[in-house]
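Can you make the complete structure from the sequences, with help from the hints?
2 protein chains.
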Amino acid sequence: MAYANPTLGDDAAFGSFEEAGQVKKLRAPYLIYFGDVADAAHAKTGLGLIQWRSRLCAGQMRMPGCRIDGGIREMCIDDALESGVKSLVIGVAPSGGTISADWIADLAAAARAGLDIVSGMHARLTSFPEIVAAARQSGARLIDVRTPPANLPIGTGEKRSGKRLLTVGSDCAVGKKYTALSIEQEMRARGWDADFRATGQTGIMIAGSGIPIDSVVSDFLSGAAEMLSPPAPETHWDVIEGQGSLFHPSFAGVSLGLLHGSQPDAMVLCHDPSREFLLGMESPQRLHMVSATENIEMCLRLARRVNENARFVGISLNTKGFSDAERAKLFDQYEAETGLPVADPLRDGVSKFIDRLEKERPE
Amino acid sequence: MAYANPTLGDDAAFGSFEEAGQVKKLRAPYLIYFGDVADAAHAKTGLGLIQWRSRLCAGQMRMPGCRIDGGIREMCIDDALESGVKSLVIGVAPSGGTISADWIADLAAAARAGLDIVSGMHARLTSFPEIVAAARQSGARLIDVRTPPANLPIGTGEKRSGKRLLTVGSDCAVGKKYTALSIEQEMRARGWDADFRATGQTGIMIAGSGIPIDSVVSDFLSGAAEMLSPPAPETHWDVIEGQGSLFHPSFAGVSLGLLHGSQPDAMVLCHDPSREFLLGMESPQRLHMVSATENIEMCLRLARRVNENARFVGISLNTKGFSDAERAKLFDQYEAETGLPVADPLRDGVSKFIDRLEKERPE
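Line by line, the protein sequences give chains P and B. In this text, residue positions in the first sequence follow the working numbering: the first is 462, and each later residue adds one. In this text, residue positions in the second sequence follow the working numbering: the first is 462, and each later residue adds one.
Hints in this document: simulated from the structure, not taken from any laboratory. It should be emphasised that the depicted structure is a prediction, and the values quoted were computed from it without experimental measurement. There could be a bad hint or two in this list.
Identical copies go unnamed one by one, so any copy, or any two together, can satisfy a pair.
No more than 20 Å apart at the CA atoms, straight line, and that leaves these computed lysine to any residue pairs for SDA-like [claimed, not checked]:
#1 Lys820 with Thr559
#2 Lys790 with Glu819
#3 Lys486 with Ala611
#4 Lys620 with Arg747
#5 Lys505 with Leu807
#6 Lys620 with Gly741
#7 Lys486 with Pro691
#8 Lys781 with Glu591
Next comes the structure, spelled out in structure tokens:
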């Protein structure tokens with residue numbers, strides 16, 4: 462496949478993906494299915510997709526009682542077919558990750574009409590006979606984005622061409638996906654050749670491809686990460702969505718496999734300064750967050766095993782709930798402590814990080 | 462299951478295992494199947510089992526042309542049944558991990574006679590209809606030890622009672638299994654309550670239970686390691702077989718997940734001083750081995766995240782090919798560098814490590 466790794470970005474035209482390597486690609490444009498979801502927290506997959514890839518989202522489909530509105534065109538399946546929609550994407554993630562029995566009729570009808578069905582649920586689409594039968598009849602694909610590609614290789618540690626930026630975290634849920642997407646957006650706005658590389662189900666839907674890294678068999682962790690960001694032209698940037706934290710005892714193995722396979726040239730640390738204990742580690746473990754400095758140092762030591770030029774270019778701080786004065790103080794504190802630019806992508810964008818990268822950029 | 466974690470040791474009587482938790486247990490005694498294997502390298506599972514658990518190995522079964530002799534009683538299936546054998550263990554691992562078509566008749570006959578069939582191959586026993594039909598008829602179990610238990614939990618990082626020793630490595634294939642087995646043996650010889658906990662297929666066959674940690678889905682890595690060494694009495698030692706190395710970019714994620722889930726009180730570093738490059742990293746990566754000191758320091762920093770008392774108690778050195786004078790020099794060098802006792806388990810045993818542990822042992 463050489464250097465051809467087209468990720469369908471916000472600016473890409475509608476149309477079907479080329480299959481690249483073994484990483485499954487979604488076919489746009491999408492019909493976002495919100496079912497009967499009652500709140501935004503459980504609709505963040507669909508809302509995130511509309512936020513980051515609006516031009517790929519042709520419309521939304523909602524059941525009576527649905528209380529979420531993505532602000533895009535309302536469509537039934539016939540409308541979607543007329544508009545050239547290729548995939549129905551389930552934009553809802555109810556607790557437990559199950560596919561509601563109430564949705565089956567809609568999903569089967571869409572599959573019967575030839576739309577690929579895309580799901581990020583734990584429950585597999587293939588476990589619903591009605592959906593399977595409909596897809597078989599029309600040739601539609603059933604895509605469970607939590608299922609990793611088959612035949613993943615073992616990591617080789619071989620240096621690949623092209624540049625890579627990885628967002629790493631001091632914990633789970635500190636903005637690694639959001640930061641990476643913001644960085645891709647900023648790089649593209651500056652005319653750089655950049656692709657967001659997704660490692661979790663929401664990210665995969667937004668990117669249209671990717672590998673759910675925590676679903677990969679351990680032996681193939683770094684191999685999957687290597688496959689996710691293949692060799693590329695020297696000026697190309699892959700912006701890789703990080704997972705977990707090297708200091709989070711539930712997920713550190715995933716974080717390290719991803720770090721080694723990504724061979725990052727640049728890293729951004731994502732951190733929540735308001736958090737005292739790690740997520741899920743509040744009790745009885747009472748496991749404290751580790752300082753930004755210590756996170757940076759540990760990531761660098763381990764990353765330099767595979768890329769001796771690895772460095773940090775910024776700290777992405779979640780400053781939700783802080784006043785402007787508190788924010789200014791926090792920024793000063795972290796800048797003084799680490800010597801790195803600090804920003805909250807949600808409020809400040811990420812131009813500071815790219816400025817730092819640009820200063821160090823060859824040519 | 463509380464504190465009841467019987468691992469059938471060398472001194473245990475023949476008999477069937479209790480099921481403990483979700484970790485599958487093999488039923489002894491065993492009939493070791495060598496098939497038509499031509500050399501010891503490909504028979505190391507069976508030979509290892511005979512070496513470490515001789516009293517569980519009632520006999521061996523060989524095809525015409527087999528050139529390996531485990532030195533135990535020759536048996537046909539009828540002999541095995543008469544001797545109370547409960548499982549046929551495939552003691553051979555041909556390159557590629559396939560089950561030879563020539564063995565199918567033997568394996569099916571054993572399953573039909575009611576013997577569990579135990580395999581460490583990549584190929585699944587359940588993919589051979591003749592064997593499946595035979596097992597179904599008799600109620601025998603088909604046990605692929607490379608298949609991890611279902612419903613593994615996510616790691617919690619919660620401190621468990623009991624003591625744990627983990628063998629860690631500066632590389633793959635540096636004696637982590639052998640060292641752990643030697644330590645279990647030495648602890649038991651001193652009357653300690655100790656169990657070897659297996660993380661690879663050969664180790665699992667020797668222990669009679671365990672979890673193939675590199676076959677576990679990444680999200681559950683540390684959770685699997687936590688399950689492998691459950692809460693135990695305060696004076697009990699689990700001796701856990703390490704995998705990979707924190708500095709090996711193919712497998713470091715597995716090593717870190719296992720380290721965090723094991724919460725080791727004590728570690729032994731396994732190291733091959735003759736090796737210049739990491740296994741499989743000789744070319745084109747030319748990835749150098751990392752010093753014992755650096756390995757120790759990195760393991761301690763990451764292990765103390767889950768057990769602040771983690772410490773090293775020895776260095777297990779592979780000194781194959783070194784003269785006595787060279788060995789003496791190496792030992793002096795590593796002892797001076799690390800302040801730890803140094804031994805080659807194969808030549809010196811591991812009493813030095815246990816002496817060190819005993820000095821520090823409570824009561």
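Q) Hint by hint, which ones does this structure get wrong, listed from lowest number up? A) 1, 2 and 8
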